[in-house]
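Student: Please put together the full structure from these sequences, using the hints given.
Note that the protein sequences, when read in sequence, are chains A and B.
Taking my numbering, the leading residue of the first sequence gets -5, the next gets one more, and so forth.
Taking my numbering, the leading residue of the second sequence gets 2, the next gets one more, and so forth.
Incorrect hints may have been included.
[Claimed, not checked] Calculated lysine-lysine pairs in the DSSO-like style (CA-CA distance at most 30 Å, straight line): (1) A/Lys273 to B/Lys282; (2) B/Lys147 to B/Lys205; (3) B/Lys377 to A/Lys347.
If you're looking for bench data, these hints aren't it; they were derived computationally from the structure.
Computed from a prediction, not measured in an experiment: that's the story for all the values here.
The chain contents come next:
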Amino acid sequence: MSNYTENELAQDLENQEYKFGFVTDIETDTVPIGLNEDIIRLISAKKNEPQWLLDERLKAFAIWQDMTEPEWAHVHYNKPDFQGIAYYSAPKQTKKYESWDDVDPELKETMKKLGISMEEQQRLTGVAVDFVMDSVSVATSFKAKLSELGIIFCSFSEAVQEHPELVQKYMGTVVPSTDNFYAALNSAVFTDGSFCYIPKGVRCPMELSTYFRINAGGTGQFERTLVVADEGAYVSYLEGCTAPQRDENQLHAAVVELIALKDAEIKYSTVQNWYPGDKEGKGGVFNFVTKRGICETNAKISWTQVETGSAVTWKYPSCILKGDNSVGEFYSVAVTNNYQQADTGTKMIHLGKNTKSTIISKGISAGNSQNSYRGLVQIHKGAQNARNFSQCDSLLMTDHCGAHTFPYIECKNPSAKIEHEATTSKIGEDQLFYCMQRGISEEKAISLIVNGYCKEVLNQLPMEFAVEAQKLLAISLEGSVG
Amino acid sequence: METIVSNKLDQFIADLKASQIEIPTALQETAQAYLLGKDFPTTRAERFKYTRLGKLAAAQFHDPVLLDETQLKAYSVVQDAYTVLINNEQVFLPQDLPLGVEIKLLNEASTSFHDATFNDVFGALNALYAQQGVCISIAANCTLDKPIQLIQVNSGGKCFYRHHFQFGENSEAAIYFVSKSSADTIGFAHTHFQYDVAKAARIKVSKIQDCSTGHFDFNEDRAKQGAQSHFEINTITLDGSFVRNDAVVAVEGQHAQTYLNGAYWLKDEQHVANYTTMDHKVANCESFETYKGVAADKATAVFNGKVFVRKDAQKTNAYQSNANVLLSDNASINSKPELEIYADDVKCSHGSTTGQLDENALFYLRARGLSAASAKNLLLQAFMEDVLTYIKHEEVLAYIHQRIAQRFNWNY
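Tutor: In structure tokens, the structure reads:
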């Protein structure tokens, strides 16, 4: 192993296959392929939704029809055929599970492969998991414990049935259906997702987490997540995904809305590992996600993401710092390999006084991939003493890949302080030499350097996720991470 | 030109005269194709995101009142220089040029045209309507004893210019380009600069943009740089209602060095936009960009720098920095430093800051008896000095300082 060079590492990266490529065979209840008003009515009816939600969906559909796909991102792909997708797919069982034993063993198996065996989770980790298999959530744990505190954590469709007033009040307030092409599409056809409400002054005692998984072939998945932290509340929310191997491109257009009311804090962590396509760039998931949070006075929203999957990623978790003294944070590690393309970053919109934002973005490109950071820091006129610090670093592993930075900095207030810095480089020969001189093998040295490079971001992840993220990085950079 | 169907652009070009310069047909055809169906870009266009052209579309231009040679000479910044005077359609060329230096009208010079790279409609319009232009050629191994100064005065109306600069191998020259306007006129000027910097040439171009209020000053720089050459463009924007600079430098030979620097002082409703593209095509080159600006009143400043490192450009060292100070509640700064990198063994970085003066520094000066205004002005001056240090010519520096002091009332 002592002769392990960077070129070999690059070779290994290219050759490595997707580790989570399996398909669970469950009869799915899929609506006809295509998209029109009738399909939307059908989805709405299947989910037994109230009239107002159907109206919202139809409105969004009308808006979507007038929109064109955005083309400004630094990605190239064959546009998905929106009429060639089945917009609803749910595991066949209609009745809810009474107990864990009722759950389809095959589903259990899937979860085991994903490493989130429910029994184990319940017993050992204290993490409540709202597991989404395709579009309908099939099991929720720790619900009773949470409801004691008044915390609502359930699937989106359940929330629509049981807490329509909350859903109606907050849905679409951060990401309106007019926001962008994919948000409009999601607003029209979203099937399920998670809903979370933390009442006033409550500190959620455990990390809330959801696993997403695209399963039925040719099914687009349109998740909708809404997290509301009422005044003084705190919640840490985890989202992670792995998707099975598929040859045709799959579309994932989710919308995530976070609302942090006065003095509230939301920590939203993501580990994303959708199927990235094979070595030739065939297949893979299109990940076109709109994530945005709004901070009221003294509130804080922190986004942490580890992105290793998807053929094409188009994702900008953003913070609207509306209230005075609010804080927005964005920590990201994006790894691209083979023919993956990522255009990801964040937007920090400073509206309130004394608002602060921090952006730390680490990109790692390998193979023939293209990895872009695109960010916006906007200081509005009223944002007295706004403060932003951005740092975007890119690491290039081969000479076929690309690393790009497109930061937008717009300042309209003279008291604001904005700093942005970006660097691009490969692993320093001197750093490698230093490690190897001290008896560390080249492979270990590369691993050490990459880990150190990402440390700032990985440190932000909650414990449960940090382990998984490290596992993912290890898989993504297999052969080098020990 | 009848092919253009759009309204505002149509209106804008309706009274333009066809180019008097013999521009290659291929270039003209590309320009026409580019303009087909185009209108003035709106803020939806990425390159005009922060630039509103409404004022230009609405501007009422009058026929120019041309100046005579002595009047034009009065605009000189450098007294001892080979001076070219350009005033709308008239050009006065310098006499008694030393051996190895040729300054001719573009039509009379032997020169080639680069392939078209239009970034906006104005570049394409230039290829069709360029009225005047000069071609400056410096022979190989020729070192200029004194600088060349181009004084371009807009006496109102719309003008398109096209200037070619050909620097031979191992030549050395300093060029000062002074952009001025006659007082109380409204004018639009679009100037295309084409540079060919041959191997090991050492060239320094400094632009002093000092048009008056009511003037639109658009500039387009296109440079090709040979191996081991040193090329520098310093853009100093002192005045002008609406200034737009778009520089593209393609580095085609190894071990070349490029410096792009800019300084801008804005007040009132001024709009200044600096666009740069560093295109690193080959290995072992270096580029450094420093843009600094101050914006007061309702001014808007835009910086959009792009460093493009192609696959073969290994060992590139590129640095880009943009720093701004906002002086008023209504001014705004938009900065977009971009990196687009396709080679792995490179060192590329950029930094951008927007902020205000250091309170400790202010306190230090106040403690030593300076008034608040003086302390502020002194620090602002120091802030901009990073860029001005690239301009080595005393007369030019003195001119810049004097103009700034005059415009902003900066006295100590």
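Student: For every hint, state whether the structure bears it out.
Tutor: Verification of the hints:
no. : hint                 : in the structure
1   : A/Lys273 to B/Lys282 : holds, 28 Å
2   : B/Lys147 to B/Lys205 : holds, 12 Å
3   : B/Lys377 to A/Lys347 : holds, 24 Å
Hint compliance for this structure: no hint is broken.
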